Every structure is written in C-alpha cells, then in structure tokens.
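K.L.:
As given, the protein sequences belong to chains A and B, one line each in that order.
Here the first sequence stands for residues 1 to 902, numbered as in the working numbering.
Here the second sequence stands for residues 1 to 231, numbered as in the working numbering.
Each hint should be verified, as a subset may be incorrect.
From the derived model, a few chain A residues whose C-beta atoms are all more than 12 Å from chain B [claimed, not checked]: (1) Glu69; (2) Ala90; (3) Leu193; (4) Lys254; (5) Met428; (6) Ile646; (7) His674; (8) Trp740; (9) Gln741; (10) Val749; (11) Arg753; (12) Val763; (13) Leu771; (14) Gln782; (15) Gly874; (16) Pro888.
What the simulated footprint calls covered on chain B by chain A, stretch by stretch (three residues with Cβ under 8 Å from a Cβ of chain A suffice, anywhere in the stretch; the number is not a length) [what the hints assert, rightly or not]: (17) 59-69; (18) 191-197.
Quick caveat, the hints were computed from the structure, so don't treat them as lab data.
Nothing here was measured: the structure is a model prediction, and the numbers come from that model.
For each residue, glycine too, the CB sits at the ideal point set by N, CA and C.
The chain contents come next:
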Amino acid sequence: MKDTRPNPDELLARVQAEEAVQTRGKLKIFFGAAPGVGKTYAMLEAARKVAKDGVDVVIGYVERHVRPETYELTLGLDVMPMKSIPYRDAILREFDLEGTLERRPALVVVDELAHTNAPGSTHAKRWQDVEQLLQSGIDVYTTLNVQHLESLNDIVAKITKVQVRETVPDSIFDSAHEVELVDLPPDDLIERLQEGKVYLEDQAARAVQHFFQKGNLYALRELALRRTAERVNAQLESYRREKSITVSWPTGEKLLVCVGPSPLSSRLVRSTRRMAAGLRCPWVAVYVETPAMLKLPDAGRERLHQNLRLAEQLGASTVTLSGNEPVDEIIHYAQENNVTKIIVGKPQQPRWREFFRGSFVYELTRKCGDVDVYVIRGEGEETTSSLPTYPRSLTSAWPYLWAVLVVAMCTGLSWLLDQRLAAVNLVMVYLLGVVIISTWFGRGPSILTSVLGVAAFDFFFVPPRWTFAVEDTQYLFTFAVMLITGLVISTLTTRVKYQIDSSRKREQRTSALYALSRELAVVKALNDVVQSTIQHISSVFHARVVVYLPGPDQRMVPFGIVTESSSTSDRDESVAQWAFEHREMAGLGTGTLPGADALYVPLTASSRNVGVMEVRPEKERYPFDPEQIHLLEAFAGQTAAAVERINLVRNAEHTKVEVETERLRNSLLSAVSHDLRTPLAVIAGASSTLLEGEATIPHQTRHELLQTIVDESDCLNRLVGNLLDTTRLEAGALKLNSEWQSLEELLGVVLNRLHLLLSKHPVKVDLPADLPLVRADGILLQQVLFNLLENAAKYSPVEKVIEIRAAVRDNQLLVSVTDHGIGLAAGEEKRIFEKFHRSEQTGGRPGAGLGLTVCRGIIELHGGEIWAENASGGGARFSFTLPVAPSPEMRLDDELSSERKE
Amino acid sequence: MPIPAKILVIEDEQPIRRFLRASLEGHGFAIIEVANAVDGIRDAATTQADLVILDLGLPDIDGLEVIKRIREWSSKPIIVLSARGEESDKVKALDTGADDYLTKPFGVSELLARIRVALRHASRRDGNTEQPIFQVQHLKIDHARRLVFVNEVEVHLSPIEYRLLMTLVKYAGKVVTHKQLLKEVWGPHDTQETHYLRVYMGHLRHKIEKEPARPTILLTEPGVGYRLVDE
Chain A
1 MKDTRPNPDE LLARVQAEEA VQTRGKLKIF FGAAPGVGKT YAMLEAARKV
51 AKDGVDVVIG YVERHVRPET YELTLGLDVM PMKSIPYRDA ILREFDLEGT
101 LERRPALVVV DELAHTNAPG STHAKRWQDV EQLLQSGIDV YTTLNVQHLE
151 SLNDIVAKIT KVQVRETVPD SIFDSAHEVE LVDLPPDDLI ERLQEGKVYL
201 EDQAARAVQH FFQKGNLYAL RELALRRTAE RVNAQLESYR REKSITVSWP
251 TGEKLLVCVG PSPLSSRLVR STRRMAAGLR CPWVAVYVET PAMLKLPDAG
301 RERLHQNLRL AEQLGASTVT LSGNEPVDEI IHYAQENNVT KIIVGKPQQP
351 RWREFFRGSF VYELTRKCGD VDVYVIRGEG EETTSSLPTY PRSLTSAWPY
401 LWAVLVVAMC TGLSWLLDQR LAAVNLVMVY LLGVVIISTW FGRGPSILTS
451 VLGVAAFDFF FVPPRWTFAV EDTQYLFTFA VMLITGLVIS TLTTRVKYQI
501 DSSRKREQRT SALYALSREL AVVKALNDVV QSTIQHISSV FHARVVVYLP
551 GPDQRMVPFG IVTESSSTSD RDESVAQWAF EHREMAGLGT GTLPGADALY
601 VPLTASSRNV GVMEVRPEKE RYPFDPEQIH LLEAFAGQTA AAVERINLVR
651 NAEHTKVEVE TERLRNSLLS AVSHDLRTPL AVIAGASSTL LEGEATIPHQ
701 TRHELLQTIV DESDCLNRLV GNLLDTTRLE AGALKLNSEW QSLEELLGVV
751 LNRLHLLLSK HPVKVDLPAD LPLVRADGIL LQQVLFNLLE NAAKYSPVEK
801 VIEIRAAVRD NQLLVSVTDH GIGLAAGEEK RIFEKFHRSE QTGGRPGAGL
851 GLTVCRGIIE LHGGEIWAEN ASGGGARFSF TLPVAPSPEM RLDDELSSER
901 KE
Chain B
1 MPIPAKILVI EDEQPIRRFL RASLEGHGFA IIEVANAVDG IRDAATTQAD
51 LVILDLGLPD IDGLEVIKRI REWSSKPIIV LSARGEESDK VKALDTGADD
101 YLTKPFGVSE LLARIRVALR HASRRDGNTE QPIFQVQHLK IDHARRLVFV
151 NEVEVHLSPI EYRLLMTLVK YAGKVVTHKQ LLKEVWGPHD TQETHYLRVY
201 MGHLRHKIEK EPARPTILLT EPGVGYRLVD E
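Whole structure, please, built from the sequences with the hints as guidance.
P.N.:
Here it is as structure tokens:
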C-alpha cells in the first residue's frame, strides 16, 4: 500500500515556509563598543553554525577589508553579489536589497547596520534595507557600534571628539529580537589595533589617536554595556506587563523639550529621549513659531525640521505652536497637556541681548508654576546639515524702493506744510510714512523708512537746511525720539501683520481641509473624490498632485488622465509602490528614496491602505515643513476615508447585484425544474408501465402511452430550446446571422413543424404577394413565429381560427398573430413578456413563461418591436415589426438565362 | 430475402447507439457500432458498410475531418447527426460531402426516410438510370419533354425556375444546401446570394404548391437549404 501521508519533515518544512511569509523576520544585532572588537567575526561564526543546521543562510554584505581569519568564515556560505551603483566618477558597491528579496533566503548576514547607502539606492540608510528584509519575513544578522545609536550619538561625540554622522534609530535596536554584546577589554583592543588587526575606514583614520585612547574605550565600553543592560531591563519590564501588570506610565511624568533651529537642539532632543527612557514616560518636542522665525534663513529652517524629525524618530510626538511669546505658549501647552518637566537649552546669547530682549529661560522659570524646568548645557559643536540646502529667490528689492519713494513723498508733503506747521510737527508726517510702509511691507523696509525719514528731516527741515549739520542740539533729542518711535511702530505693526498673516494661513488651511471633507462627504464617484482631492491640495500647497490607486495585482496606477507635463517616470511609480506597501511616506524630504522629486503620502484608511498621493511642489525640490506634512496627512486621511467609503459602497452594490442575480437564478430554477420534471415524470411513468406490463396492456392503451411519451418529449425539447435561447440572449452570446429571408418561407417551416398542434385550429394566412424580403436571422425569426403560434394554439379553444397577417407600414414589416381565445387580463400586456410570467388566465397550463421573453429578445436584437393587445373580436393579438431594408440587387431571369446560353 | 444493408453508426453516446440499433435492426438493417471517430474511420474502410451515420460532436476527431477522410476513398452515403442551433456545422458537413442530416432529437420515421433516400441515391449513382417521368403528390415532371404538370395541368416555368426545380428533383428526398443550389443553377460565382433562392423558391411555390405558406413538396430546411419530398 502506498503511503500518501506527508512525512513529518515535509510538514515541518511547509509550516516553516508558511510562517516565513506570514511573520516578520527576526533581527539579531552584534553590538560592540568600538570597531575591532570582533563583531563581524562573531556574526559570521553564528551564521555558520545556523547554516550547519540546514538553514538557508546568505551573506548579503560583509566589509571587504576584513581580516583573513574573518574572510575564511564566509567560505562555503552563499554570498550575494553586490549591486554596482554609478556615482559621479566612481562605481559604488552596495548591498543588493532587491536581489536578496528575490532570492528569499531564511537568514541574511548584513554587516554595518549604520551604513549610509549610495545616492540612488532604494533607501537612504542600510537600516531601512534591513527593516524591509524583516518585513518580508527574512531573518537578519547585523553589526552595530555604540556610537551609531541615535540617542548616544552626541555623548560619544563628546567623549571621543569625533562626530559620527551615520546613526540608527533606537527603535531598531530596541525592537531587535536579540542583541549580542561582543565585548573586548580595552587593553586587548589596543593590542589588536597595534598588530594591525583592526580595519578602519579612511575617514576615521585621522581620528584614530583620539578614538582609541584607553579612556575613550573604557567610556564606550561602559556605554555599550549600559545600553544593553537597559534593553534587557526593558524586556523584563514588558514581560511583566504582558503577564499581568496593566500598562501605565509608572511615574506619570510627561516631558516637553523646546526645539529650535539651533544645532544644539538635537542634543537637547537626545538628552530628553534618555530622560524619558529612564522615567519610562512619554515626551513631546515643541517648536514655537514666532514672527522672528519668518526671517529664518533656509539653512536654519532646514535644521529645525531635522530636529523635529529627529524627535519623531526617537519616539516623541511633535507639536508646532505659534504666537509672539514663546514662553506663554509653552507654559500654556504644558499646563493643558499635563507636562511635568520642561527641558530647555542653556541660553547662548550674550548677556547684553538678554538685557534688551529678556531671557527665555528666566521667563520660563518665572512662569512655569508646578512644572519643573531643566536647563541643559549646550556646547558650541556645530552639526552640519546633511540635507542639501535649497536656494531661495532673493528677497525682492521693490519694498525698499517703495520705502525710499514714501520718504520722498513725505518730504514733498512736509515741504508744502513747512510754512504752516512747526518743524517738530513735520516728524508726524514721516511717522505716518513708517506706519504705511510697515503695514505693507514689514519690518526691513519700515526700518529703512525710519532711518531715511530722520535723515531727510534733518537734511531738509532742520536748520541749517541742505546739510546734515544741526544747529540746535535739542533736535538730537527729536531725532532719537523719532527713530525709536519709528522702530517701535514698525516692530508692532509687523507683529500684528504677522499674526494676521499666520492666522489667515492657518484659517486657509483649516477651511481647505473643512471644504475638502465637506465635498468628499457628498461625492459618490471615485473620480470626483480624486478630482476634489487634487484640486484642494494643489491650491493649498502649490503643488501638483497625482493620486495612485491600486490596480489589478496591487500595482500602483495613477488615477485619471495624466498630462504630458506631469507624466511620471518608472522610478516615481516605484516610490509610490513602496509608500503603498509600507504605509509610510516616501520620496522628497523623507528617509526613503529622498532622491525623488515628489513626496508620496500613503492614503491609509481605517482598515487598510487604499492608495498613494503624489505631491510634487511647484518650486523644484523644495521639501515640505513638518506642519505642512501634518496637514497633508490630514488631507490624505480624508481622501482615504472617502475612497474607502466608495469602495465599500461599490462592494455593497456588487453584492446586491449578486443577490439579485441569485434570486433570479433561483426562480428560474424552480420554474424550470417544475416544467422539466412534469414531462419527465410522464415519460418515466408511461415507459415503466409499458416495461412492466409488457404482455398484459391492451394494444389501445399501449399506443396511447407511447403517444404520450412522444408528445412529452417534444414538449421537453421545446422547453430546452427556449431555455437555451434565453440563456444565450441574456449572456449576449446570441449573434445574428442575418440573411435575406422570406416571411412566407419561414412561416411554412413553422406551420409544418406545428402541424400536429395546429391540426385542430384553422389557420388563416394573409400575406400580400409583394411582401419584401427582410434581413434577419432565419432560425431565430422562425423561433419567434413558432412561439407565437404555439401560444395561440395553446390558449385558444379548438376550432377557433388563428390569423396570421403581414403588411409593410412606414418602412417596417408588421406581422401579427391573432387568436380567438381568452385574451389578456388588463395590465398584462407588458408583463406577459417578462421572464417566468404566466398568465393567470391560462389555468395552470404548462410552460415556463419563457417563450415570449425569447420572442422579445430576438425581435429587439433585430431592431424591431413586439407588443401584445386584445383583438377587437376577443382574443389576443401579438404583433411585431422588423425594419425593411432596401431590397437586394437581383439579376433578371432573362439576363441570367441569356448568360447561360452563351 | 435480400441481403440487409449494413449501417455503420459512429456515435459516442451509448443510449443513442442502443436506440439506433433497436430501431434499425427492427427494420431489417445490419448495425455496426463504434464510439469514436478513429474506430469509425477504420471500420468504414474494413467493414464495407453501405451507409454511415455519423455524430458530428465526437470527442476525439472533428466530424468534418471524419467526413473528409471517408470521402477520400469512398462515396458511400453519410448521414450526420447534430443538435439544434448548429446549422452552420450541418451546412459545412453537407458541403464537405455528407449526404443528409438529422437534428437531435429525431424520430425513427424521419431517420428511416433519410436512410432510404440515401441508399436509393447511392444505388442510382451505381448505374440505375433516371426514370423518364417523376411524380410526387400532385406534381408530375416529364423529363424527356421538359414539361411540368400540377394536377395534370401544364405549368409554365421560367428557365431559372425550371433549372431550380430540376436540381431539387435530381436530389429528390435529400437536402440540397443553398450553396449547392446556387452553384448548380446560377453558376459558381453567386454562391453567397441566398436571396435569389428565396425569391425563386417563392415563385416556384406559388406555381406548384396548393398553399404556398404551407408547402408539402418544396420544403425549407431552415439555415441549411431545401428539400423536395419524394414520397
């Protein structure tokens, strides 16, 4: 006997394969305090061990300059070829993510988690590659040094004086399945370094003497050990929580860190993260947008965004507040949101400026109330922006020209008023000019107006005139007051104007969001949703918007018409695809595929992703700020909800149609099964009677039974024919095979076929001799006549005449079949053509109610009409029309015969 | 007693074979049954059947192909069986060389009539000369004098009508496809112009039939052609 059961090994393999698809891969990090401690070696050794157990292990990437002992460990393992990426003049060799995903090993070994990929790669960072591998269910072994951990980055920089740019978010480290600390005492490490056993990157070489000092190594080792211990602690904590203890922030604390454009803010953010981790409490990064921030240079603005992004990456929520008094805004926010501790940086500005502008920290501590304020020391290390800066168009010179013009006009006006007013009062005219300019153009031009105003006043009106010299020293006081007043006015006006502007902008955005949500609430078509979204977002963000929706096989397809100018390249679609699959933003200004020209925002609805929105700023490659991104997310959320709603409605409709079809099918089944079974029952009954009583049945009865069988078979045959026609008509599968047909000829066929049924009815045929041929499908038209005549015979009493008439009216051939039976019930004229309709007048005579439905289908297919009515003399009349085409060309008999004779 | 005619039945449905055997043996024919085309083609050659009944819907080889293969070496009559709604298949079969057709379901009387006609035409082809006078119902044709009588009254026919009638008479009892008629009456160029046939058949019926709308002699085979009854 053959054993068909799968053997246990097969089963296990199958289960594992299924698991690999369903579950996330496991990440193991080989963690070390410094280069050279032997992480790669330990990793490869572990990989070999696993490979020996039969796991499909692949080397994805290992540093090329490994020591020979380490290199030997890779032998015998499957090594993925590197991907070559041309960059400027060189060819960079990178880990081949796509190749590995295609190869689908069980475990990949990828060295150097913190590595930054070459420009043009799928992801900016290797940890993102690893993340994708894990999401695809592939296990990963990787290595990491303590200085690359985001939250420890600045501490390490302080210890070693080497700024490390390549960092890995702590979340990766914390969520790793396993972290193995590879530890080596500093003395041994230094010894290995001296023996040349440690590979160092070229850039790092210059910092070697700094880095590998014993003191540094001790500190780094301690950091690594402590971070690992922290992780273990967190694991224990979460284990406890899972087991029973309810989730709660043990301290009830909430931290708030004030973030600004300063490079020091990143340190502030990291420190806060460490504090928050220590307290195990949530934290929030806050930025207050003030009028001063409007003038922020692009580099500063970029740094600010980076700081906020960093905070987000480290697990904070970020908030942007706006107002004139940052302190008030922060305190207000802190009190509203139960913040317990505020972290600010130590002031950097000189004391004299504090004297004039007030001290932020002082203000904060004075107003903070219950909230603790932590002031953290900042040092003058300058982290340079890793993102490129974008040129902004120069501020227009027009406002300043206007300022000059207004001063000139004020001078002219003063000149006219000079005789009537005291010189001091002319100052007012100039102040008026300051007010006008500051209202229109803001601070810079209005300051210019103040200064120019003072100068002009001095030059033209203060004696001695036409010089800047001043006779009367009391005018110096006038100048001072005039200047100060001018400056104050310009500051205040600008501030008011800013507030108006920013609240208007906010208002615009809020109302745009409101308008969109209102519009989306009423639209019913997918196209309208997409159009509304595109229209609103384009106008609010000054960007070109394309909405991608999943096509068949879940590929992203741009929805609607894409014009030439905004046609998307393949690469852009792949970014959209990535954003869709990972439910994360990608493209311009994000960590994934930042080389793209547009930002890709996933449309995430409640249950799943419904598409991706491509937002391409009109200004070339100018990334959006976090506030805009938040708003974009809100827009995306609205759109996603609308798209999902429409999808659900569509599904519901689809289901409704299916239910309806199912209902029809059921009624067809019940009608048909009845009509099929009746003749079958008769045939079976009659034939079995004949079979069993072969000898005893009298001849007469035998003949009757046989006749019954034949008649019922005919009946069945007709029923099946009508059923087939109905099905074909409904499926649209009935193709007209049109030829020139003669009605008389078709009628002849039908009358012959029906001669038994019609034998008891006189049939009167009245066809004009010159009846034209019609273009029709002979078989189908014959079926129409057959069904009509069969009906007439069935529903009219014996010996009553059935009349068939035809005539040409208005280019239509009109055919009618009239019987003298019971006729139609009132209101039945239309319904009688419906499927399964059976006249109540028929008194339960058989028939599935399909015959007339078939007639209607066939006539309509021919472009004609069919209808029923009661004839004047009683009985029913069924009439139909067929279009008459111009008669075909015919060669005359004589011509033909003469031709033949030749 | 004459030697019974041998009929080869090529049909994959067993119940239909059984029914054919029962009815045909009851009427004095010898039956050979096969269930597929390959065996059918082989037996058509080896068993010296006088007539072949061929189902067009065989599972292994297309019915048309079977007709072609048999026609390569034999002109024995072939009657094809097919379902309703497959008129174009029937026409193709007839134009390929089949002699007649039956639409399922069919009665025994129809089947026997077709077989008789087919066998008669086959024997005529083998040498029997045409009778000088052809008579069916109220129609009489004097071939020698080229005269047509209805109820013993001479009827004048146009040349085309006469040729059309003569063609049908030549194949009396058998179906003649539109294409075949057009070719024999109008020549090889007009084989698509079926409206000629409609018009002239109408003329003929009005001259010959008692009730043109209920013909008893010149029958229409819908979608296929015409048949002049011979009994």
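K.L.:
If a hint holds in the structure, say so; if it does not, say that too.
P.N.:
Do the hints match the structure? See the list:
no. : hint    : in the structure
1   : Glu69   : holds (71 Å)
2   : Ala90   : holds (67 Å)
3   : Leu193  : holds (83 Å)
4   : Lys254  : holds (79 Å)
5   : Met428  : holds (104 Å)
6   : Ile646  : holds (43 Å)
7   : His674  : holds (21 Å)
8   : Trp740  : violated (4 Å)
9   : Gln741  : violated (7 Å)
10  : Val749  : violated (5 Å)
11  : Arg753  : violated (9 Å)
12  : Val763  : violated (8 Å)
13  : Leu771  : violated (9 Å)
14  : Gln782  : violated (5 Å)
15  : Gly874  : holds (25 Å)
16  : Pro888  : violated (5 Å)
17  : 59-69   : violated (count 0)
18  : 191-197 : holds (count 4)
In summary, the structure is inconsistent with hints 8, 9, 10, 11, 12, 13, 14, 16 and 17 from the numbered list given earlier, while agreeing with the others.
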